[in-house]
Structure formats: C-alpha cells, structure tokens
Amino acid sequence: DTEVTQTPKHLVMGMTNKKSLKCEQHMGHRAMYWYKQKAKKPPELMFVYSYEKLSINESVPSRFSPECPNSSLLNLHLHALQPEDSALYLCASSQWQGADQPQHFGDGTRLSIL
Amino acid sequence: DQQVKQNSPSLSVQEGRISILNCDYTNSMFDYFLWYKKYPAEGPTFLISISSIKDKNEDGRFTVFLNKSAKHLSLHIVPSQPGDSAVYFCAASGSPGTSYGKLTFGQGTILTVHP
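Protein sequence lines correspond, in order, to chains P and X. FYI, the numbering for the first sequence is 3 to 116, going by this note's numbering. FYI, the numbering for the second sequence is 15 to 129, going by this note's numbering.
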C-alpha cells in the first residue's frame, strides 16, 4: 500500500475544462512534489513545496496551478490544457526538501486531454 | 541534455543469478544518488540510495556502488527473484543552490527475471 494517495486515478477532460488533482500524505513529511511522466520517459519535476510554500517551479505553464492548503495536502489545478499535457502525474513527499531525502511516490493520476 | 543516463533499456536474468543495472551521470554537482523500482500502474518505489562521500551501500539483496571519478553507479541485486521484474530508475539529486531536492531521473531499465 502506498502512503501517498492520489485521486482520481484516471481523468479525462476537454481542453476547456477545469479540474483538480489531489494528493495526500500522513507521514508528517514537510516537502511535497509534483512530477509529470510521459509514456516511456522518466518522471520530470514540475513543482516543489517546502513547509507549504512553493520552493521550485520548473518553468511550468500557468495552465497548471499548484496549491498546498496544509502540510498533508497538495493539489494541482488544471485549466485550458492541451493534448500534449496528457501524461501520468505523480505526487511525492519527503521528510523535508533535501538532496538526501528519499521521495515517496503515489501511484499517479493518468490524465487524458481530448 | 540528459544528465542521468541508463544506456541499457532492458536486462534479462535467470532467477538466483546477479542482476547489474548501470547508470552514468554528467553533472558533477550531483551528490546523492537513488534507485527506484516501478511496477506497471504504480508509482516509483524507493529502493536504496548512496551519498557521494561513499562508494558502496548495502541493504539486503541490494547493493549500490558509486565510482565518482567515472561518474558511474550500479545497482546489484543478488540473488535475483521473479518479483524483482520491474522498471528500475536511477536518480540523482544536487547540493544546495542547484534546485535543492530535485530528482533527475534516468530513462529506466526494464529488468526481467526468468524462473
């Protein structure tokens, strides 16, 4: 069982829709991450939150809007996405933001943009 | 610019034998390295890590070796089991000031362990 829970597991949306991806962890971790993984490619970092504050934004388009309402929750708000945004979106958490902190991943949300 | 490379897309091994997965990196600012295992329809699972100040770290059947001068690391699995069949990702993390905590992943190696 994964300790990082992501919902929904699958999401299909049109280019004009607004939807949100949710991530929850109860390990007391203070760093949370969003990654994007395209088919047959490695995960690529999108955002990092440390102590509920945005720490890293890897030049992600503004149609992706992250939010960290508290230390256990991380959301990714989606609006006006493009077909090329179809991918697996992975959430991860670690004790704190550090090079030596293993990140623990959820099972992801598979997003399809029509 | 691929900073972490896993040059073998796949590896096939007999049960009970050793599996050796390799990874090369180019960025000398990386100072922590991790291996993750991924099953289909699941997220990556952390396996083992090594700091750049060490050259070996063991955890049960898994051992990671780091050769800093060659910018090369490897994961040894002994003995290999059919349940080890998965995609293995090498990842690297940098020191403060270089997107601290950011993981850069290799392309992955598909390991198949035959009974």
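Watch out, some of these pointers could steer you wrong.
[What the hints assert, rightly or not] Derived, one-sided and incomplete: chain X residues facing chain P with beta-carbon distance under 10 Å:
no., residue
1, Tyr50
2, Phe60
3, Ser65
4, Asp69
5, Asn71
6, Gly74
7, Arg75
8, Phe76
9, Phe79
10, Pro96
11, Thr118
12, Gly122
Because the hints were derived from the structure by calculation, they are not lab data. Even glycine gets a Cβ: it sits at the ideal position worked out from N, Cα and C.
Evaluated hints:
no. : hint   : in the structure
1   : Tyr50  : holds (8 Å)
2   : Phe60  : holds (4 Å)
3   : Ser65  : holds (7 Å)
4   : Asp69  : violated (16 Å)
5   : Asn71  : violated (12 Å)
6   : Gly74  : violated (16 Å)
7   : Arg75  : violated (18 Å)
8   : Phe76  : violated (13 Å)
9   : Phe79  : violated (18 Å)
10  : Pro96  : violated (22 Å)
11  : Thr118 : holds (8 Å)
12  : Gly122 : holds (6 Å)
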